[in-house]
Amino acid sequence: MSTSQLLLAAGLIVAAYLAGSVPFSYLVARARGVDLRKVGSGNIGGANVWRSSGFGPFVLAALLDMLKGMLPTMAALRLLPGHFAAIVLVGIAAIIGHTFPLFLGFKGGKAVATSGGVLLAIFPLLVLFGVAAWVVAFLITRISSVGSLTAAATELVAGTLFYLGGRLPLAYVLFIWACALFVVYLHRENIQRLLAGTENRFTRLR
Numbered sequence: 001m002s003t004s005q006l007l008l009a010a011g012l013i014v015a016a017y018l019a020g021s022v023p024f025s026y027l028v029a030r031a032r033g034v035d036l037r038k039v040g041s042g043n044i045g046g047a048n049v050w051r052s053s054g055f056g057p058f059v060l061a062a063l064l065d066m067l068k069g070m071l072p073t074m075a076a077l078r079l080l081p082g083h084f085a086a087i088v089l090v091g092i093a094a095i096i097g098h099t100f101p102l103f104l105g106f107k108g109g110k111a112v113a114t115s116g117g118v119l120l121a122i123f124p125l126l127v128l129f130g131v132a133a134w135v136v137a138f139l140i141t142r143i144s145s146v147g148s149l150t151a152a153a154t155e156l157v158a159g160t161l162f163y164l165g166g167r168l169p170l171a172y173v174l175f176i177w178a179c180a181l182f183v184v185y186l187h188r189e190n191i192q193r194l195l196a197g198t199e200n201r202f203t204r205l206r
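Just so it is clear: in the sequence shown, position 16 is 16 by the numbering used here, and no numbers are missing.
Do not take every clue at face value.
[As the list claims (entries may be wrong)] Per label pair, the in silico range of CB-to-CB distance:
#1 Arg30 <-> Leu125: 33 to 39 Å
#2 Gly82 <-> Arg37: 39 to 45 Å
#3 Lys107 <-> Ser2: 35 to 41 Å
#4 Val14 <-> Trp177: 21 to 27 Å
#5 Ala132 <-> Phe55: 17 to 23 Å
#6 Ile140 <-> Ser4: 49 to 55 Å
#7 Gly56 <-> Ser2: 44 to 50 Å
#8 Phe202 <-> Ser2: 47 to 53 Å
Keep in mind the hints are simulated off the structure, nothing from the lab.
Virtual Cβ for every residue (Gly too), placed ideally from N, Cα, C.
Could you put together the complete structure from these sequences and hints?
Right under this line is the structure:
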């Protein structure tokens, strides 16, 4: 990469982190008089919006969280074509911003929707697999974390198969692996509750 491209990549990474730091789930719930930090799981994420504010606000929050991962990554794809590692770093910056937001005391969500937004920019087909896995697992269990963990595992397997088939560059599949493992790590408390049989379950959809 040339010096100008390196500077551009650095600027995009900073911008992606700042975009990721905008706590849309928190803001959507707050607009309805709900502080996500004080209700439900206390998590600044889509599932807690759904549980505390309803399905409509959840859809809005999830879409906005996806966009803050997708748009910076799309900008990197357009401005740094072929520089796969730089593109991935921009996506990672958005995810880190969502998980450790500058504007909310570095305490954010669990990166599922924002990671999906990054994947939507770099390889949309993978998102279909992840969404389908989340929906099926959630409908069976009515537990959001099971849906998220199932989606992460599905993305990891599907991404690996696409890479082995020559459809994905190495930088992208490494990103997918790292993302899947990061999502699992962020759900470590959920996993403990699942094992103990105390994880939150949606009793009704609204």
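Results of checking the hints against the structure:
| no. | hint | in the structure |
| --- | --- | --- |
| 1 | Arg30 <-> Leu125: 33 to 39 Å | holds, 35 Å |
| 2 | Gly82 <-> Arg37: 39 to 45 Å | holds, 42 Å |
| 3 | Lys107 <-> Ser2: 35 to 41 Å | holds, 38 Å |
| 4 | Val14 <-> Trp177: 21 to 27 Å | holds, 25 Å |
| 5 | Ala132 <-> Phe55: 17 to 23 Å | holds, 19 Å |
| 6 | Ile140 <-> Ser4: 49 to 55 Å | holds, 51 Å |
| 7 | Gly56 <-> Ser2: 44 to 50 Å | holds, 47 Å |
| 8 | Phe202 <-> Ser2: 47 to 53 Å | holds, 51 Å |
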